[in-house]
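Sequences listed follow chains P and D, in order.
Going letter by letter, the first sequence gives residues 1 to 337 in the numbering used here.
Going letter by letter, the second sequence gives residues 338 to 595 in the numbering used here.
Just so you know, the hints here were simulated from the structure itself, not pulled from any lab data.
Check each hint, because a few of them may be wrong.
Claimed, not checked - These stretches of chain P come out as covered by chain D in the derived footprint (C-beta under 8 Å, 3 or more residues): (1) 97–106; (2) 132–142; (3) 178–184; (4) 252–264.
As the list claims (entries may be wrong) - Mimicking DMTMM-like on lysine to aspartate or glutamate, the simulated pairs with C-alpha atoms at most 25 Å apart in a straight line are: (5) Lys-594(D) <-> Glu-94(P); (6) Lys-594(D) <-> Glu-309(P); (7) Lys-504(D) <-> Asp-67(P); (8) Lys-594(D) <-> Glu-184(P); (9) Lys-504(D) <-> Asp-205(P); (10) Lys-190(P) <-> Glu-309(P); (11) Lys-504(D) <-> Glu-309(P); (12) Lys-190(P) <-> Asp-205(P); (13) Lys-504(D) <-> Asp-26(P); (14) Lys-126(P) <-> Glu-583(D); (15) Lys-139(P) <-> Asp-391(D); (16) Lys-504(D) <-> Glu-25(P).
All values reported here derive from a predicted model rather than from experimental measurement.
Cβ coordinates follow ideal geometry from the N, Cα and C atoms, glycine included.
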Amino acid sequence: MSESSGAMVAVSDLRKTYRRRRGQEDVTAVDGVSFSVRPGGITGLLGPNGAGKTTTIKSICGLVRPDSGSIRIRGTDALANRQLALASISAVLEGNRNLYWRLTARENLVYFAGNRGVRPAVSLPKANELLERLGLIDKADEQVNNLSRGMQQKLAIAVTLLADTEVVLLDEPTLGLDVEAGSEVRGILKEVAASGRTVIISTHDMPVVQDLCERVVIVNRGRVIADDRVSSLMGLFTTLAYRAQLSGPLSSVAEAALRQHYASLVLTDDRSELTVTLQVGEDLYGLVDSLRALEVPLAGLDRVAVDFEQVFRELVRNGSTTAPARPAKEAGNVFVV
Amino acid sequence: MSSWYSVARVNWSKQLIELRRYLPDTISMLVTFYAIFLLLFLGIRVVGDPASMDENIRYVIISNAFWMLLLIAFLNMAGELANEAMRGTLEQIYMSPVPAWRIVLARAVSTLLQTLVMVIVIIVLGMLTSGQWLSFSLPGALLLAIPTLASVLGLGLMAAGMALVYKQIGSFLQIAQFGLMALAFTPLTAFPLLEYLPAVKGLDLIRQLMMGDTSLAMIQGSEWLSVTLNAIAYFAAGLLVFRLFERHALRGGLLGKY
């Protein structure tokens, strides 16, 4: 990307190798990662386990010093001016240990704000306001170890919001949360992004990515393999696959006839649903005509939707968006089984 | 300046809250130090020289109480950082735009000030138990305690740096307690070269002051200079060592590991 000037976060050619003790191999965690994040919106930083995501995140947060490369936050060189850059970023790291368990929710908020140089007289009213907004005011004087996992996560997010930084980074924000708490956290993150802050999330939860992120940066084996809008990546892997629901089982004769035209046909075990991926030159009318001619008892027909999890898996498997193994639109089905 | 105030204020509050919420720990610390005093007191009564018994008991009352302060000055920062690493909050501390050493130092100073109350209790209990009374020149003792404890805070910063990298340094810290005991109890008159070690000269002056052997006005300029330079040297060395370990921890990505 060439928009690194004016970017809120710009990472350039980041490299990090962890030196191991004698007899153990060094581990290259990040091998030339570059990307930039524009102000505002939610960007996903994704990758399989061991891809280099955590090292990248921790480098941005000033918790790991890279071997080479540069990180700029709001134009500030984060490696040369770590403390100054940290004034613009706050983060919720993975796990539920971002808080002091023996302090209450309100005490945690005031404490972390104070460590960022905000006086309690200033932070306390804001803390109360945040607790109210996030539905935690009833638990304000409860010690954190008595709060549920979802409440702890909301409180950890509140700590970052009270820091009032331009960039908010969240590592696995919905991990371990039940459906309701996960949904609440997603709602909060949308609000945060709507307020104009730049949110970067790292997650394995692909529905969260699909729901929240406008853009994703995918890293694998220490390198960026995709950096694009979610909609563009989804479009790249869109297929012309259709699923037909039948009101009775498909006969063997009809199946054989269909297979002559549609080699990609996949039938469920109970023969009540079939999936066909159209190739270049084929269209949906032709498929409907064939089904009618064979007197297939059609109950419904819909297009197979591609979800981001499939896109992610395919990108990681193929290595890059710049050189996909098969151009999806031409080759037809990539995902449907 | 504002960040110094905010950091000091919230860390004072945090330490005070935890002191209250971990009250059994606080009380057991008080009991332990009183028990140590009792052992030393009985030892002097049983095998000590009767001619210098009163003086020795007063010496022990003061040294034991200040040993408690030296331990806190030395152990607090390393202990706090190791605990933070174990609890997972260390990385949050390191994401603050305020340098981490300032945060842990603010905690250590807060704890020291809060422990002063316990130290006074230990001294009073020691006096009541032994029937020996000290001339309590609290302002003078506190004035000398500042550089005395600053030098040990320097050692504490070194230990805290080690804790950042090695985390489980509990055994080392336990052994180091005996070294601090030596610093607190060894008389400077017997080993004059100990003046160059942290806290020894300062404690010697505090003892003289509290035992009525000298007054604040009688302390010579050269003695103040020695105590002050000692404090500056050890504190600066401590900060330097802490920053070196910190750099190593950041390069190795060790902050989040325990």
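Notebook entry, point to check: Is the hinted pair Lys-594(D) and Glu-184(P) satisfied, with a Cα-Cα distance of at most 25 Å?
Noted result: Violated, because 30 Å separates the two Cα atoms, which is more than 25 Å.
Note to self: Taking beta carbons only, do three or more residues of the region 178–184 of chain P come closer than 8 Å to chain D?
What the structure shows: Violated, because only 0 residues of the region 178–184 of chain P bring their Cβ atoms closer than 8 Å to Cβ atoms of chain D.
Margin query: Checking one constraint from the list: CA of Lys-504(D) to CA of Asp-205(P), max 25 Å. Satisfied?
Written below: Given that 25 Å is the threshold and the Cα spacing comes to 32 Å, the pair is violated.
Notebook entry, point to check: Is Lys-504(D) close enough to Asp-67(P), meaning Cα to Cα at most 25 Å?
Noted result: holds (23 Å)
Check: Does the alpha-carbon distance linking Lys-139(P) and Asp-391(D) stay inside the 25 Å limit?
Finding: violated (56 Å)
Check: Keeping to a limit of 25 Å between CA atoms, is the pair of Lys-126(P) and Glu-583(D) held or broken?
Finding: violated (33 Å)
Item checked: Coverage criterion applied to the region 97–106 of chain P (partner chain D; beta-carbon cut 8 Å; 3 residues) -> Since three or more residues must qualify, the claim that chain D covers the region 97–106 of chain P holds, with 7 doing so at under 8 Å.
Next item on the list: For the pair supplied as a hint, Lys-504(D) and Glu-309(P), confirm whether the alpha-carbon distance does not exceed 25 Å.
Entry: violated (38 Å)
Checklist line | Hinted pair Lys-190(P) and Glu-309(P), Cα distance within 25 Å | finding: holds (20 Å)
Check: Does Lys-504(D) pair with Glu-25(P) here, judged by a C-alpha cut-off of 25 Å?
Finding: Satisfied, since the Cα-Cα distance of roughly 23 Å is no more than 25 Å.
Next item on the list: Check, residue by residue, whether the region 132–142 of chain P contains three or more positions whose beta-carbon lies closer than 8 Å to a beta-carbon of chain D, and give the verdict.
Entry: violated (count 0)
Check: Does the structure keep Lys-594(D) and Glu-309(P) at a Cα separation of 25 Å or less?
Finding: violated (30 Å)
Of the numbered hints given earlier, the model fails hints 2, 3, 4, 6, 8, 9, 11, 14 and 15; all others are met.
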